[in-house]
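Novice: Note that the protein sequences, when read in sequence, are chains U and V.
According to our numbering, the stretch in the first sequence is residues 1 to 240, in order.
According to our numbering, the stretch in the second sequence is residues 1 to 240, in order.
Keep in mind the hints are simulated off the structure, nothing from the lab.
It is possible that some hints are incorrect.
Put simply, identical chains are the same to the list, so a pair is met inside one copy or across any two.
What the hints assert, rightly or not - List of simulated lysine to any residue pairs, SDA-like, C-alpha gap at most 25 Å: (1) Lys220 to Asn122; (2) Lys120 to Leu49; (3) Lys136 to Asn102; (4) Lys136 to Leu49.
Here the structure is a predicted model, which is why all the values come from computation and not from measurement.
Given next are the chains, with one letter for each unit.
There are 2 protein chains.
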Amino acid sequence: MGKIYSTKYRVPFYHSDAKREMTIPAILNVALQISGEQSTELGRSEDWLRDNYHLAWIVTEYEITLNRLPKFLEYIFIETEAVSYNKFFCYRDFRFLDEDKNLLLKIHSTWVLMDPDTRKANRVDDEIVAPYESEKVSKLERGHKFAKLGQPEKRSYSVRYSDIDMNQHVNNSRYYDWAVDPLGFDFLSQHQPKQIYIKYNHEVRAGEEISSAYLLTEKKSCHAINDGDAQIEIEWEKII
Amino acid sequence: MGKIYSTKYRVPFYHSDAKREMTIPAILNVALQISGEQSTELGRSEDWLRDNYHLAWIVTEYEITLNRLPKFLEYIFIETEAVSYNKFFCYRDFRFLDEDKNLLLKIHSTWVLMDPDTRKANRVDDEIVAPYESEKVSKLERGHKFAKLGQPEKRSYSVRYSDIDMNQHVNNSRYYDWAVDPLGFDFLSQHQPKQIYIKYNHEVRAGEEISSAYLLTEKKSCHAINDGDAQIEIEWEKII
Numbered sequence: 001m002g003k004i005y006s007t008k009y010r011v012p013f014y015h016s017d018a019k020r021e022m023t024i025p026a027i028l029n030v031a032l033q034i035s036g037e038q039s040t041e042l043g044r045s046e047d048w049l050r051d052n053y054h055l056a057w058i059v060t061e062y063e064i065t066l067n068r069l070p071k072f073l074e075y076i077f078i079e080t081e082a083v084s085y086n087k088f089f090c091y092r093d094f095r096f097l098d099e100d101k102n103l104l105l106k107i108h109s110t111w112v113l114m115d116p117d118t119r120k121a122n123r124v125d126d127e128i129v130a131p132y133e134s135e136k137v138s139k140l141e142r143g144h145k146f147a148k149l150g151q152p153e154k155r156s157y158s159v160r161y162s163d164i165d166m167n168q169h170v171n172n173s174r175y176y177d178w179a180v181d182p183l184g185f186d187f188l189s190q191h192q193p194k195q196i197y198i199k200y201n202h203e204v205r206a207g208e209e210i211s212s213a214y215l216l217t218e219k220k221s222c223h224a225i226n227d228g229d230a231q232i233e234i235e236w237e238k239i240i
Numbered sequence: 001m002g003k004i005y006s007t008k009y010r011v012p013f014y015h016s017d018a019k020r021e022m023t024i025p026a027i028l029n030v031a032l033q034i035s036g037e038q039s040t041e042l043g044r045s046e047d048w049l050r051d052n053y054h055l056a057w058i059v060t061e062y063e064i065t066l067n068r069l070p071k072f073l074e075y076i077f078i079e080t081e082a083v084s085y086n087k088f089f090c091y092r093d094f095r096f097l098d099e100d101k102n103l104l105l106k107i108h109s110t111w112v113l114m115d116p117d118t119r120k121a122n123r124v125d126d127e128i129v130a131p132y133e134s135e136k137v138s139k140l141e142r143g144h145k146f147a148k149l150g151q152p153e154k155r156s157y158s159v160r161y162s163d164i165d166m167n168q169h170v171n172n173s174r175y176y177d178w179a180v181d182p183l184g185f186d187f188l189s190q191h192q193p194k195q196i197y198i199k200y201n202h203e204v205r206a207g208e209e210i211s212s213a214y215l216l217t218e219k220k221s222c223h224a225i226n227d228g229d230a231q232i233e234i235e236w237e238k239i240i
């Protein structure tokens, strides 16, 4: 069990979609912000990590399980906990709870430490993660197995200046937008995600053209950004 | 002088750009959120306005004057004040201040009350605006005069599902992204806006294709979205 960091949050209109519910990209962005706050509180800020180890945290996988999306103006609690780590990966959970502490959604995430210049992954040094009180484990988790897309539908997008974040590459949350946008307004208005798997394999940079490929069956959509730079699978529930 | 509503805010990474500064769309979104908070505090929430008058507030113009952009993780104060109103328009100011209360930027905005079904502007009823203690004036402000574009450069964008907000049309802050994106990563990395004028003439909806036209001179860029659905002018300062 790692240390738990918790914060109260109210869903603003700019994190809400046409259905007055919090968007998945906003959920991922707020989660990342909160894990950064915990790290800073524990003396492990981004600056500390860069200055002392010349490293930065990068998320490689998300697994999101949804009971219900937070609503516009709803007060929620967001908890995060760096649960465990091994030689190469750290595993962090996020729980979004309603005001009565019922679970709205859970995110299980996988992180690596990367050299910001070489963009190569590094081993996890015990001293870096000690303050989180995560369990050290020898086993590497098996990530989700993504289905092959076969003959997908494709659509292209341009990386905009506003898609680039402080790390000089595309903000992690943008891939979800590119993935689901080709499903169309009607589908997205009438369906809610219940389970989402995201895997980041290669970073995308400014000025690139993005291909967003997808295969949609009745209850599931499989997506590949740039033939596999990112892979996303979503299980859907029809709500209208 | 209207009542002033003030809040403290810390710039999260998801509101920061590649230069580690708060983005203009984030500034507009946070400002809108805060004016909504003031309205709710004064008993004039969106729901109240819809239930009692079948109306909604719409911003038609922004004039933004920038000394310096808020920085990533900086604590700032944001103040808003519904300064004055006449038969058709309400004028609201926002001030973003640093921790020592120095002015970072100021936004002057123009609002109308719109029927959400007919999308037509309504007269401003005294009862609606009374709690803000804004000054009633007879004069209509002359908005900024936008230059004609002549032979502009053009680029097209698709409206994505994620561009649509709770009002079922494109989020106001997106137009700025469409306008400036064609200027390119190099230009945007090397320049800072000092003065921005935005005028919304017609709403854009889901599924539309957007044309973003611009004319760039040394220190100024003039933009038209969809031949005038929105007009934007920006005065730039070279920073690198």
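Novice: Is it within a copy, between copies, both, or neither that the alpha carbon of lysine 136 lies no farther than 25 Å from that of asparagine 102?
Specialist: neither (29 Å within a copy, 48 Å between copies)
Novice: First find the shortest C-alpha distance between lysine 136 and leucine 49 inside one copy, then the shortest across copies, and answer within, between, both or neither for a cut-off of 25 Å.
Specialist: within (20 Å within a copy, 55 Å between copies)
Novice: Within, between, both or neither: how does the pair lysine 120, leucine 49 come out at a Cα-Cα threshold of 25 Å?
Specialist: within (15 Å within a copy, 54 Å between copies)
Novice: Up to 25 Å between alpha-carbons, please classify lysine 220 paired with asparagine 122: within, between, both or neither.
Specialist: neither (35 Å within a copy, 45 Å between copies)
Violated hints for the displayed structure, listed by number in ascending order: 1, 3.
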